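K.L.:
Can you join these two chains into the complex? Each is in its own frame, and there are hints to help.
So the sequences go chain by chain: A and B.
Heads up, the first sequence is in our numbering, so the first residue is 1 and it goes up one at a time.
Heads up, the second sequence is in our numbering, so the first residue is 1001 and it goes up one at a time.
Accuracy of the hints is not assured; some may be wrong.
Now the in silico label distances, taken between C-beta atoms and shown as ranges [said to hold, decoys possible]:
{"#": "1", "chain 1": "B", "residue 1": "Ala1043", "chain 2": "A", "residue 2": "Glu180", "range": "46 to 54 Å"}
{"#": "2", "chain 1": "A", "residue 1": "Ala406", "chain 2": "B", "residue 2": "Glu1046", "range": "51 to 59 Å"}
{"#": "3", "chain 1": "B", "residue 1": "Val1021", "chain 2": "A", "residue 2": "Ala359", "range": "23 to 31 Å"}
{"#": "4", "chain 1": "A", "residue 1": "Gly489", "chain 2": "B", "residue 2": "Gly1054", "range": "20 to 28 Å"}
Only some residues are given here: those of chain B computed to face chain A with a beta carbon under 8 Å [as the list claims (entries may be wrong)]:
{"#": "5", "residue": "Leu1026"}
{"#": "6", "residue": "Arg1031"}
{"#": "7", "residue": "Phe1052"}
{"#": "8", "residue": "Leu1090"}
{"#": "9", "residue": "Ala1145"}
{"#": "10", "residue": "Val1158"}
{"#": "11", "residue": "Leu1175"}
Below, computed lysine to aspartate or glutamate pairings styled on DMTMM-like, alpha-carbon distance capped at 25 Å [what the hints assert, rightly or not]:
{"#": "12", "chain 1": "A", "residue 1": "Lys411", "chain 2": "A", "residue 2": "Asp336"}
{"#": "13", "chain 1": "A", "residue 1": "Lys411", "chain 2": "A", "residue 2": "Glu37"}
{"#": "14", "chain 1": "A", "residue 1": "Lys221", "chain 2": "B", "residue 2": "Glu1111"}
{"#": "15", "chain 1": "B", "residue 1": "Lys1006", "chain 2": "A", "residue 2": "Glu349"}
{"#": "16", "chain 1": "B", "residue 1": "Lys1006", "chain 2": "A", "residue 2": "Glu311"}
{"#": "17", "chain 1": "B", "residue 1": "Lys1006", "chain 2": "A", "residue 2": "Asp434"}
{"#": "18", "chain 1": "A", "residue 1": "Lys154", "chain 2": "A", "residue 2": "Glu220"}
Note that these hints are calculated values from the structure, not bench results.
Here the structure is a predicted model, which means the values were calculated and not measured.
The beta-carbon is built from N, C-alpha and C at its ideal position, and this holds for glycine as well.
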Amino acid sequence: MSFEVDDVMFPLDRALRGIRERFADAVIDADRISLRERTVVVPSDRLAEVAAAVANEWGGLFLQVFALDEREAHGRFRLHTSFSMAPEDAVLTLIAAVPGDAPRYPAIGARLPAAVWCERELRDLTGVVPEGLPDPRPLIAHDGWPADMHPLRKDFTLPASVSWAPRFRVPPVEGEGVFEIPVGPIHAGTIEPGHFRIASTGESVLALDVRLGWSWRALEKLAEGATSQRGLEIAERLCGSCAFSHALAWCRAIEELSGAPVPPRGRALRTVAAELERITSHLGDLAGLANDCAYVVGAASFQRWKEVVHELADALFGHRWLRGVCVPGGVRVDLDDTQQQWMRQVVGEIRAGVSTTVASTLANDAVLDRLVGTGVLSPEAARDLGTTGPAARASGLTLDVRRDHAYGFYKELDFQVVHRTAGDARARFEVRADEIQESLNLIEQLVHRMPGGPLVQHLGPLPSGTWGFAMVESPRGLSSHWLRFDERGRVSDWRVRSASHALWPAVAQAMQGDIVPDFPLVNKSFNLCYACCDK
Amino acid sequence: MIEILKDPLRTGPLSGRAPLVVPTGLPRPVREHVGDLEVTGEALREAVQRLFGGSLRLRVLGAGSCNACEGELAALLNPFHDVQRFGVDLVASPRHADGLLVTGPVTRHLEEAVLRTDDATPRPRLVIAIGDCACDGGFCRDSFATRGGAANVLAVDVRIPGCPPRPSAIVEGLLTAIGRATVRAAARP
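Just chain B, with the same shape it has in the complex (with noise of 0.2 Å):
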């Protein structure tokens, strides 16, 4: 084990590390923008410390996904993004959630699971469709075995698109879905 520790003992750990540091001048393919984690990251803390006592919980609710972007959410909790150290976790069971984390279209043969997940979820919670599928049904709303998207089953706060989304975009969309949190909070009478 000491072999593995050897380099973060050496180097200090690895969250908010560059993963790669990519030589500059090295040409590099169209992509879209790629926002700094870090920054985004270090907004979402002071929003989770805020608004949810320090503790954002969350649980992934796979509703038909390709499982990319369960690839990515779970690339969140890996040593470089370590979201944990913003305060947000993924939790095992809705019921100790704040919030779902809804991908794939919603498939008509998950429709009520996801429906009885929603149910198990305290109110109020967050949810927030992840990846294009999600967000509007993406490359089969066509398809009669989906519901072409998280919105026509639940009520989604906020969509953050992709196919399936970065890392460093789940976290921008995650204090996006922060901020209506806090309008809903200030709208309640």
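Next comes chain A alone, as it looks inside the complex (with noise of 0.2 Å):
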């Protein structure tokens, strides 16, 4: 075997190995912590020069930075920088100090695009600056909060006054002719709310603002002192459609810290439930397609469809979006052989149900016409913003957690990573399309290979000090829990960055030379949430 070959099947040694030879000068300790997590400490004015190398040269997919307050302690904030080392199943983890009296270091968004909104808000909630980011504007603090509030902060008390009421700044686009659209926060629909700035000559679009941050319920401090079980009911209500994933999300965290492994059949059964979540997500956003192209009696069908996997998971798991079914160390719910052999025959009914729609709507010339060539987001943006899920595969990147870092029952199972190269809204449309295939092929495959005994495995106490993290494939892409508690088992912090996150930077890239009318049809086709970006 050559070095190439070695380099190619495993970046993150080769990563390692750069660090060292690099930045011999600089790297002060390297450190296994789990047998998927490497750790490398570095200086924070060093930071984003090895975040930077990480990604651009040894292969790394940069997943998220954020800062703890560890002032109390250590008198410093603590950055976390992580990168996935696809196609190794290993994640190499930059840790940085900064000092708690002067927190600055340089930006890494300086540097890696990919970092930017989660440096922005790191900022926003620790009151840690990142130095030299392109984009210095604050992500969820709106202008009215005191420049002094930092909610993430551990001795953070809530100021006397506090203008909420939304005043920000949009970057003025200027020229002969053109003109701003605003739209939102409150939109005209049954949609979450964001606020968005379309600056445009005539229909054509010059720039797209995008501001979140409304549905901002402070929900990572609100689990500060929480047990496992209070913090696991915020972690599946941080969103709807997604809330299995951040449910399994949480609980593999937690499953980390303990070493405790989950039996087969709840490994097993927790991928029925989150295969069965990506399907209900992928025919909500297809019908939302389907609509925005005036095709109404596609959108009807896949409604239809959607409808049919609600209930499909309420009648076999008791609830419509699947709360309460994931448990750490396992699930809550077991189903006996009658119900696995009735949920097989609905698969089939589902199957030919959403494959007719399928074919239909995209043999209507209205629909392509809509959907071909519009809001293309290229493999290099794609890449350079850090896109995951439906949306980086149908921009040719073949990302996909469940066969990157495989969890749940997937390492035992066939599937392929669908992919389109196009990156326009059939693409997107597409790749869905052929994932609910896969994923009812998935479901099919665990009803046949169903392993028996118990469902849930105890866990003994947590570990203080040392952390969890886990990612999952959620129904827009990779999602991520960083989990840590204290002596008393309390959650002392946690991190979340969600698939919707890493996404809306690239909606604005999308819009950019696509005309206004497009927007809606640009937005639905990444189809992402509000609420588990805003958290």
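P.N.:
This is the structure we're talking about:
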């Protein structure tokens, strides 16, 4: 085996070797903390340099950066910057300390566009300042927040007077015939709140600015001091359409901490639920796209099958949105043989119904006329922005946590990572349509190979001082939860990055050069959540 | 398109049909009481006919929900539930609405937008809190970033609890809301 093959197969080793060689003067310590995650401590003034090298030269895929307030114990803030080293099932985490009294460091976002939203958010919530960000505006904080209000600091108390009313600046776009179209936060439909500012000349879009944070419920703060059970209640309610995925990520982070393996039957049933959630979500997206192309019959048919899957989830697991199914150590609900056989029969009906509807929709010229070439996201932009999920796969990036960092029962199952290369709205439609078929296949395989045994593994007390980190492939892509408990077994820090958080900047990118009337369609072709982005 | 329509053409419209027939004898997980949407819906249709001239128009106002309540409100319009046949519809502007369906705990960031949407709704109007968060703040009532429920910001007529409430529960709640509207109308001099 040559070195080149090694480098492709084991990018983690290549990156660690590279860091030691190039940054020998900087790296303080390297340590294995779990089978999957390797950590490297770097000085904060070199963090951006190392991060850029990991991403641009050694194949790391940016996952997230967040800050933790450790001023009381250590007089510092701590930055965690993580990369997926796919195809190797490994995560590389750069850890940097920032002084508690002068919390500044050179921004990673100045070199890696994918980090910009994370760093805008960490500055708002912890007051650590990434210097040199290309877009230094607040993300969560609206302009009425006092400058020193940072809710994820441990000593945070709510100031007596906060102007919560949204007042914020948008970058001025000027020129002859340029005008701005403000949209939202309250939208003309059954949709979540967000503000979009479209700068256009006539129909052509010059720039789209996305301002979110409206649904910010301070959930990461709310979970501080919570028991793991209460934390699960919160995690499961981050988002409705990805409820099971977030519950699963939370539970897996806890399981990583405790080291207890989930029994095979628990893993298999989790996988059934996760795929049901994916099918539901994708059907909703396809219905929305068909509707926005004015193909009402197709939209109604997708809605029909979405409702069937909701009812199936309800009949099998007791909840239409699969809440209360996943618990740390396994699942709460069992499916017996008759239930599994019935599920397989219903899956067959769903497969036939959805195939017919997809074929009919893609045979419709009026639909194709709207979808083809609309909202193109190039593979380069998709990679630079750190996109994930069906949107990334529609732009040619074959990334899928289910394969790259396998969990649940996926390693034992056979499935394709669907992708397209066009990066337009049709590609995103087709990826979802094909993924529904893959998910139905997965459920059929699971019925065929359902292992016996217990549903739940009892977990012992959770260790403090270290952390649990878990990634899942939610319907919209990679979502990750990072968790740390204190000595009393209560949550001390919780950080979430949802797929939507990673994908919103891509919506703005995909709109450039498109036309104003296509905005709803482009937006729908990504169909991102607002709630689990805002948190 | 004809492939999609073949099934309903053969068996009749999906409206009012059960999306999924669960075989008798199949074990069912424990869950709360599920009302019959058809029975409640028929009562709703009569009430909407009597009090709103056959047309009750409602505006969904997302106030920081997790989007599950929005999902269930959207499901009201799917081919099975099809609440439009009861005279109920969701409209795009508060100015066209007889009432608001508020979801979410009302986050601080959205409070002003919620109030302005309410201002834009012609009087008299119904305010219906959809889901646990809108009812009393739900799981995030202790968060400083929320107002702990719609009733702390608007005059709420009816609460429909659930996380999220099922479509049948929402229809039941709408019936209750119209009952309240009747009482209020009778009390007016």
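K.L.:
Taking the earlier hints as the rules, which of them does this structure contradict?
P.N.:
Checked against the structure, the hints that fail are numbers 4, 7, 10 and 11, while the rest are satisfied.
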